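Residue numbers (our numbering), protein chains in the order written: chain A, 204 to 668; chain B, 30 to 157.
The calculated BS3-like cross-link candidates involving lysine-lysine, where the alpha carbons are at most 30 Å apart (straight line), are:
| no. | chain 1 | residue 1 | chain 2 | residue 2 |
| --- | --- | --- | --- | --- |
| 1 | A | K393 | B | K91 |
| 2 | B | K45 | A | K426 |
| 3 | A | K321 | A | K487 |
| 4 | B | K110 | A | K422 |
| 5 | A | K422 | B | K45 |
| 6 | A | K427 | A | K439 |
| 7 | B | K110 | A | K374 |
| 8 | A | K250 | A | K296 |
| 9 | B | K110 | A | K263 |
Derived CB-CB ranges, DEER-like:
| no. | chain 1 | residue 1 | chain 2 | residue 2 | range |
| --- | --- | --- | --- | --- | --- |
| 10 | B | D141 | A | E418 | 24 to 32 Å |
| 11 | B | D33 | A | K436 | 47 to 55 Å |
| 12 | A | R491 | B | D141 | 51 to 59 Å |
| 13 | B | I105 | A | I372 | 35 to 43 Å |
| 14 | A | G357 | B | S47 | 52 to 60 Å |
| 15 | A | K428 | B | N81 | 24 to 32 Å |
| 16 | B | N81 | A | V435 | 27 to 35 Å |
In short, the hints are calculated from the structure, not lab data.
A quick note: this is a predicted structure, and the numbers were derived from the prediction, not measured.
Virtual Cβ for every residue (Gly too), placed ideally from N, Cα, C.
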Amino acid sequence: MKLTIIGAGPGGYVAALKAAQLGAQVTVIEDTEVGGTCLNRGCIPTKALVASSEALHKAKNLEEFGIEVTGDINPNLSKIMERKNKVVSTQVKGIRSLFKSWGVNLIEGRGMILTPEKVEVQKKDNTTEIIETDKIIVATGSRPAQIPIFPFDGEHILSSDDALNIKSIPKSLIIIGAGVIGCEFACIFKELGTEVTMVEMMPRAVSTEDPEISEIIEKELKKKKIKLMTGVKVEKVEGHKAEENGGIHVYLADGKELVAEKLLVSIGRALNTENIGLEAVGIKKGARGEILVNEKMETNIEGIYAIGDVTGGILLAHTASKQGIVAASNACGKEKRYDSSVVPAAIFTSPEIGSVGLREHQAKDKGINIKTGHFQFRALGKAHAMGEIAGMIKIVADADTDKVIGVHIIGPHASDLVHEGALAIKAGLTVKEVADMIHAHPTLAEGLMEAAEDVHGEAIHAPKK
Amino acid sequence: MNPDNIKYHKEHTWVKASGKKATVGITDYAQDALGDIVYIDLPEVDTTVEANTEMSEIESTKATSAVIAPVSGTIIEVNEKLADSPEIINEDPYGKGWIAVIEMDNESEVDDLMDAGDYERYIEEEAK
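Next up, chain A with everything else stripped away, as it sits in the complex (with noise of 0.2 Å):
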C-alpha cells in the first residue's frame, strides 16, 4: 500500500513513521523542515528558550540558594539562540535518521492533492513530481494568525515565528494575545530584561484554562512586572517604522495608548487549509476551514485522511501525534478510533501549568455535581527546598461517583506532574483511590495526594478550615 503524507509536522511525521512499521511505502512531503511547527517555530524552540531563561532566573538568585557571586550575570542572545538552534537541529535530524531507519521517503517541497491517487509536489528547485499513491494523510499543520490591519513584518510587528529568532532583546514588548504563547513570550523576554505589557481581549488570561489558574497566573505575571490589561480590544496599531515614532504605538479601545520598541502578535494560529487541492477532489471543510474528520481520522473522500491542527480542535502536538497513529493505523488496515475523552496540555510560563480534563464551570455546565480539593504548592517541604512555592493543584471531582473528573495544576513541574491526574482520569480512578496510594516523600507528587484529600475534607497538612 502506498501512502502519501503532506507535512512533516508532529502529526505527519508519526503518521509516517507508524505506517511505515505495519508495512506500508510511505512518501512523506515537507515544504519547511521536518518537525513542523512543534520542532522548529514552537514547543521545543520556546522551550529551550523557557530554559535559558530560568537558568538566568536561577542565577540571578543564587544568593537565595548560599552560593556567592563574583561577577555580573548577563544574558548573551545570539548563544541563547544558538543553543536553541542546536537543540532543533539535532531533533531534526533524529527524525531523518528515524525516516532513513524505517524507509520513508521524505520529499522536500509544496504538496497538492489533484485526485485521491495523484499528489503533486512543487520542489524548491521549482520542478514538479507527481507521486501516485493509494492513500493521502493531509497533516499541514497551521501558522501564527496576523490582525490584517497590522500584519507581521517580521522586524517590528512580530508572530511567534519572528520571536523566535529575534536578534537582539527588545528594551520594550507589546504583546497582544495572552493564551499560550503570548505568556510564554512574556516570562521569557520579561526575565531577559524587557519591560513586558500584555494586552487580552478576553476577561483572563488563559482564559481556556480553569479561572482559578488564571487568577493565580495572573498574580504570578504581576509578581514579575509584566503588566497586563484583560477585557481590552485593540483599536489600531501605528509606527510601523519605529525609528521614527519612538515605537510602535498601540491604541486600545478603552482610549489607552501604549508604546513599546516591538509588538508581539499572539492572537490564535490560522489554519493551514489553503491551496493543497483540498478543492478539487472536493475534501469537506468546516466554517473555520477545518477539514471534517470522523473518528477515525476518515474526510469525506475514501482514502483521505486528515489529522492534527488542520482538523481545528485543539491545537496541540501530541493529539496531532495521536491522530497521526490513528490514522496511519487505518490506512494500514488496521482500525482504530481517536479517543480525546483524555488530554492532557501544558504551558511553560514561569510557573508552569498543566491540565486535564473538565475545569470547573465546564463540569458544572454540563450538570455534574461536582467537589473540588485544592492544595498549595507553599505547604509542601520539596517545594520550600526547591525555592519555587508558588502555585496549587486542584483536582475537580465528581461528587456523585467521587471520580476524579479535572486537574490543574499551576506550580513547579506541573507539566509533568499532570500527567498523575491524566492517567487517574483515563483510569476511571476515585478521588479516594488517588488519596490512599502512597506518594514519595518529599516530592512535589504528594501535592496531588493532599488535593485528593482535601476533596473530602482531608488534607494532612492543611490548617483545619
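Please build the complex by placing chain B on the supplied structure of chain A, with the hints as guidance.
Using the frame of chain A, we list chain B on its own:
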C-alpha cells in the same frame, strides 16, 4: 498587645479612622499565623472595596490568604513599599506595615468593629 486606638474586624484586619479616611492593615495575630510574608497583591488606587469582601491577597511561605476589607469605600492610597518588602507587615503590622487607605462611604461602619479588648477575647475564643 493590640493597640487601643484602632478597631478590629473578625477577619483579622484593623482600621485606624480619621474623618472619612481609614488606614487598614492586618493584625499581629494574622501576621503571626501566616508566618513569613513573601508577597502582597496590593489593591489598586481608585478601585472600590466592599466591607467583608477580599481587597487584597497575602502570600506567606506557609499559605495564601485573602485580606478582607473591614470597611467599604474607595482606595486612595496603597503602601507601595510592601511591593518589594512585604516582610514589613511581619515586622510592624500596625505601623509601617499598613496596607491601604480607604476613603469610607459610610464612617459608621467603623462603629460596628471590635475594640482591642473584644478582639483579644475573640482570638482567644478562635484558638479554642
